[in-house]
Amino acid sequence: DTGVSQDPRHKITKRGQNVTFRCDPISEHNRLYWYRQTLGQGPEFLTYFQNEAQLEKSRLLSDRFSAERPKGSFSTLEIQRTEQGDSAMYLCASSRRGYGAYEQYFGPGTRLTVT
Amino acid sequence: AQTVTQSQPEMSVQEAETVTLSCTYDTSESDYYLFWYKQPPSRQMILVIRQEAYKQQNATENRFSVNFQKAAKSFSLKISDSQLGDAAMYFCAYRKPNAGGTSYGKLTFGQGTILTVHP
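Protein sequences appear in the order of chains A and B.
If you're matching positions, the first sequence starts at 1 in my numbering and goes up one per residue.
If you're matching positions, the second sequence starts at 1 in my numbering and goes up one per residue.
Next up, chain B with everything else stripped away, as it sits in the complex (with noise of 0.2 Å):
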């Protein structure tokens, strides 16, 4: 069974500065998707970036970008200029591909981080 590991329960950052949440995770599949998710307090969880196992390229988006690595099973996120709103609880999640059999649609997640941006 997959598992997915987030080794950080808490983490904080200054307004503006760089801050990376880990994650590892276990599988024995070749391809696979990874998300971070960001729920912050008393509302829902929303997508910040995805990842495929086949792209060796890492994902961006705007301040948020990953790191990647596929050998050791890692995937952080890195994210630049942290902002007040930044701050809520970090969720990686990883899926099976869609090749058939069975748990190709659920989300495994992460214990999640939570991320204080201090002004």
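Same shape as in the complex, but just chain A (with noise of 0.2 Å):
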């Protein structure tokens, strides 16, 4: 069972750049999230998809991000006019749908840093 994978591993880019991080789910996974974790802090959520469909997206998620999920499959999380801010590890997880404590399985994560 290949696991949750996310390409970059890491990412540096100055400040303004735009950057693209990408997320394989684990495959009979419906559910895909994006969490951001700075260091030495928990993950903070960041939107989720259901399928293809954006179903939340937390105020975190300024106008400068923005994240797809074309045909339900793989995500992908853009990020323009990068901040010094921005840097942190971008977290990437999958689930099943369904009902009751489901794991979520997380990716190993793309760590940005903006120079």
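Honestly, I wouldn't trust all of these hints.
Chain B is faced by these chain A residues, among others (derived, beta-carbon under 10 Å) [unchecked claim]:
#: 1; residue: 4
#: 2; residue: 40
#: 3; residue: 41
#: 4; residue: 50
#: 5; residue: 55
#: 6; residue: 56
#: 7; residue: 58
#: 8; residue: 91
#: 9; residue: 104
Derived by calculation from the structure, the hints in this document are not laboratory data.
Backbone N, C-alpha and C fix where the C-beta goes; we use that ideal spot for every residue, glycine too.
Mind assembling these two chains? They're in different frames, but the hints should get you there.
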């Protein structure tokens, strides 16, 4: 069973540049989540997809952030006009649909450094 | 809004000993799920244990068990017979049930507790 994968694992960019991250969930999972984690803190929710529909966005997700999940498979998270405050680990997680305490499986994350 | 608090930034334990990590949460919901996740250094987060709020029995997974006190909104993790591989950042997390509406997928995490295991 292939886990959640994220690409790239590390990204260094200059302030003002645009960056895009990709997440490939576990194949049978139809729910996909993006979280942001700053150093020494717990992850914070950014957005959530069920299939291709984006069902919720956090207030943390400013208008510079956009996420897509075309065809309900992989997802991309784009940050436009990056700022130093965007430096963080961006985590993707996926889960199956259903009721109950189903597990969210996390990817290894993409570490973004904005210089 | 739900909040999760882990008041112990760091904990340490001797190998083979027992350690308890604390977590408190705030919610107005009567039904929800609680989780402990482990994040080893430079490795991805994995689920350690989960608890459904409607279950009175505390969850147990091998050496890991929880003490769930619903009235006190407390959810502590006990690690027995600690091993070197248990060293990691541990996060307590909360999730609303899938009863429709919004926010029924996202996890709300605490700040984390760094666990060091001494040989």
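> Once the shortest beta carbon distance from residue 58 of chain A to chain B is found, is it less than 10 Å?
Replying inline: Holds, about 8 Å.
>> Holds or violated: the hint that residue 56 of chain A contacts chain B, with Cβ atoms closer than 10 Å.
In response: holds, 6 Å
> Does residue 55 of chain A meet its interface restraint, that is, does its C-beta lie within less than 10 Å of any C-beta in chain B?
Replying inline: holds, 7 Å
> Regarding the hint that residue 40 of chain A lies at the interface with chain B, is the smallest CB-CB distance below 10 Å?
Replying inline: holds, 7 Å
> Does the interface hint hold: is residue 4 of chain A within less than 10 Å of chain B, judged Cβ to Cβ?
Replying inline: holds, 8 Å
> Given residue 41 of chain A as an interface hint, is the shortest Cβ-Cβ distance to chain B below 10 Å?
Replying inline: holds, 6 Å
> Given residue 91 of chain A as an interface hint, is the shortest Cβ-Cβ distance to chain B below 10 Å?
Replying inline: Result: holds, 7 Å to nearest chain B Cβ.
> Close enough to count: is the Cβ of residue 104 of chain A nearer than 10 Å to one in chain B?
Replying inline: Holds, because the Cβ-Cβ distance from residue 104 of chain A to chain B comes to roughly 6 Å (cut-off 10 Å).
> Are residue 50 of chain A and chain B close enough, Cβ to Cβ, to be under 10 Å, as the hint says?
Replying inline: holds, 8 Å
Violated hints are absent here; each numbered hint is respected by the structure.
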